[in-house]
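A.B. asks: Listed in order, the protein sequences are those of chains U and D. First residue of the first sequence? That's 1 in our numbering, and the numbers climb one at a time after it. First residue of the second sequence? That's 1 in our numbering, and the numbers climb one at a time after it.
Because the hints were derived from the structure by calculation, they are not lab data. Note that the structure is a prediction, hence the values are computed from the model and not measured. Glycine included, every Cβ here is placed at the ideal spot set by N, Cα and C. Accuracy of the hints is not assured; some may be wrong.
Below, a sample of chain D positions facing chain U; criterion: calculated Cβ distance under 7 Å [said to hold, decoys possible]:
1. Arg13
2. Trp35
3. Val106
4. Gln108
5. Gln109
The calculated label-pair distances, taken between Cβ atoms and stated as ranges, are [said to hold, decoys possible]:
6. Ser71(D) with Ser97(U): 52 to 62 Å
7. Glu12(D) with Arg10(U): 22 to 32 Å
8. Ala79(D) with Asp27(U): 26 to 36 Å
9. Gly51(U) with Glu14(D): 32 to 42 Å
10. Pro16(D) with Ala34(U): 51 to 61 Å
11. Gly28(U) with Ser8(D): 47 to 57 Å
12. Ala34(U) with Ala100(D): 54 to 64 Å
13. Gln55(U) with Gly46(D): 48 to 58 Å
14. Asn54(D) with Arg10(U): 23 to 33 Å
15. Arg71(U) with Arg28(D): 46 to 56 Å
16. Asp27(U) with Val44(D): 50 to 60 Å
17. Val44(D) with Met105(U): 19 to 29 Å
18. Leu66(D) with Thr68(U): 23 to 33 Å
Here are the chains, one letter per residue:
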Amino acid sequence: MDTSPDLLFRSLADPTRRALFERLCRDGELTVGALTAEAGVSQPAVSRHLGVLKQAGLVRDRQAGRQTHYRAQPRALSPLLDWTSRMAGFWESRFDSLEDLLGRMDQ
Amino acid sequence: MTAPATRSVVVEREIPHPPEKIWRALTRPELMEEWLMHNDFQPVVGHRFTLSGNWGGTLACEVLALDRHRSLSYSWNHAHADPAYALESTVTFTLTPTPAGTLLRVEQQGFSPGQKQAFGGASAGWRDKLARLERLLDAGGTAPTPTPETEQ
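Here chain D stands alone, though its shape is the one from the complex (with noise of 0.2 Å):
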């Protein structure tokens, strides 16, 4: 079996508020919970936290850098009963500032170790993973929204 490939994501965004105040929504524990998800972090390299969704899934977290005002690192594990769904990723937030505001950016860089077993899955998985489509549409969308939020 050959080692999954690392694929990346990035998101980028022009936002109209300096780095120093995105920085405290990125940090702040009572503020990361208010975008993000319940947490217990800490800005402290090294530190290993939980991220938690109110679907009742966990992230398992560890701070891997950290330039205040600059950019953020920590890692991003989510592990699940169904391989297609696990993950092994970190996660990057970069702070630029622009004579508007600042220009956050995202990169979540990984691997799914099932993702293989997804794409080749028997049919009968097919049943299953419409039925998950269904209920990510029913919850509104015309986007894919979150990962955990959908799977369980």
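One chain only, chain U, in its complex shape (with noise of 0.2 Å):
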């Protein structure tokens, strides 16, 4: 699992592809014209942004006929909920408060 958290924040960050993720996380495997139906918006708009979601390591697609399947993959949300991602990112910010400060001491 080497997606970058950069590359999920940005898959995530779009309301319409959180949605079809987190559908494909609820419902199991779908079709494209199964998540077109409650997506609200249109097919080859549904299409890019699973393509988005698929380049991220989140969705994987299955060909079955003229049908292409899609299905959730959760675990790719890893990098995000491991804790040491977290802390990485907490103790950067906290260190750019603690060299904010150290330039307001004295000496």
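Assembling the complex is the task here: the two chains are given apart, and the hints tell you how they should meet.
C.D. replies: This is the structure:
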């Protein structure tokens, strides 16, 4: 699992993509057509969003005849849920504050 | 059930200030509050203290080791109703003088008792996790910022 948190965040920053991903987490494998029916956007748009999710490792596709089926790969989220990744971000931001403070301190 | 694996995170930064000055910022409660969290820290091994975040959560800590101007280590335990966010860990700061100032290193070692559950969780849990992600993104950022603040 080497998907960068950055890519995951960008993929999930879009509400339509998040909704698609969430629906796949909830409902299991679905076709592009079934996803489009509830997405509120056109089928080409849904396909584009699925492409981005796929690139981030968040979904996998399977071709069956003329239909493409998608399913969620929620484990791809683990870099964001892993405490070590969260804490690395935490300490980076605290070090920013620390440097800011040091700049304001005497000597 | 197997014991959760211990993991660690290391963040290093060269800072253009001498170790003595950084040491003050790391060990004086009023200065710690400015960059870290509100606290009742005392630079005494065995002293138990609390770090409180402005989100209302707290971390239970105890000074484990102290080597003036060089290194400081304390426990960093976070109780949380959601085991995915509970954490038992140790934080160690190391200060090494460099020509330009100080290399400041923090290493956090420990484990999150619920990490496994978080990964293996049923799909219902993902809704909540995505909501969390969304709040986090709304809060600004590209980076997965502080653990504690993002969760309650």
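A.B. asks: Take the hints in turn and mark each one as holding or not.
C.D. replies: So, going through the hints one by one against the coordinates:
1. The restraint placing arginine 13(D) at the interface with chain U holds, with a minimum CB-CB distance near 5 Å, inside the 7 Å limit.
2. Checking tryptophan 35(D) against chain U: minimum C-beta separation of about 4 Å stays under 7 Å; hint holds.
3. The closest approach between the C-beta of valine 106(D) and any C-beta of chain U is roughly 5 Å, which is under the 7 Å cut-off, so the hint is satisfied.
4. A least Cβ separation of about 5 Å between glutamine 108(D) and chain U falls short of the 7 Å threshold, and the interface hint therefore holds.
5. The closest approach between the C-beta of glutamine 109(D) and any C-beta of chain U is roughly 10 Å, which is over the 7 Å cut-off, so the hint fails.
6. Evaluation of the 52 to 62 Å hint for serine 71(D) and serine 97(U) yields a failure: the beta carbon distance comes to about 21 Å.
7. Take glutamate 12(D) and arginine 10(U): their Cβ atoms lie about 26 Å apart, and the range 22 to 32 Å holds.
8. Checked against the hint of 26 to 36 Å, the C-beta distance between alanine 79(D) and aspartate 27(U) comes to roughly 35 Å, which is consistent with it.
9. Glycine 51(U) and glutamate 14(D) have their C-beta atoms about 41 Å apart, which keeps the hinted 32 to 42 Å range intact.
10. Distance hint for proline 16(D) and alanine 34(U): a CB-CB separation of about 57 Å, consistent with the stated range 51 to 61 Å.
11. Separation of glycine 28(U) from serine 8(D) is about 36 Å and departs from the stated range, judged on CB atoms against 47 to 57 Å.
12. Take alanine 34(U) and alanine 100(D): their Cβ atoms lie about 59 Å apart, and the range 54 to 64 Å holds.
13. The given range of 48 to 58 Å is respected by glutamine 55(U) and glycine 46(D), whose C-beta atoms sit roughly 51 Å from each other.
14. Between asparagine 54(D) and arginine 10(U), the C-beta spacing of about 28 Å keeps the proposed range 23 to 33 Å intact.
15. At about 53 Å, the beta-carbon gap between arginine 71(U) and arginine 28(D) stays in the expected band of 46 to 56 Å.
16. Here the CB-CB span from aspartate 27(U) to valine 44(D) is close to 56 Å, well matched to the stated 50 to 60 Å.
17. In this structure, valine 44(D) and methionine 105(U) meet the distance hint of 19 to 29 Å, their C-beta atoms being roughly 23 Å apart.
18. Range check, leucine 66(D) to threonine 68(U): Cβ separation about 60 Å, and the 23 to 33 Å hint is violated.
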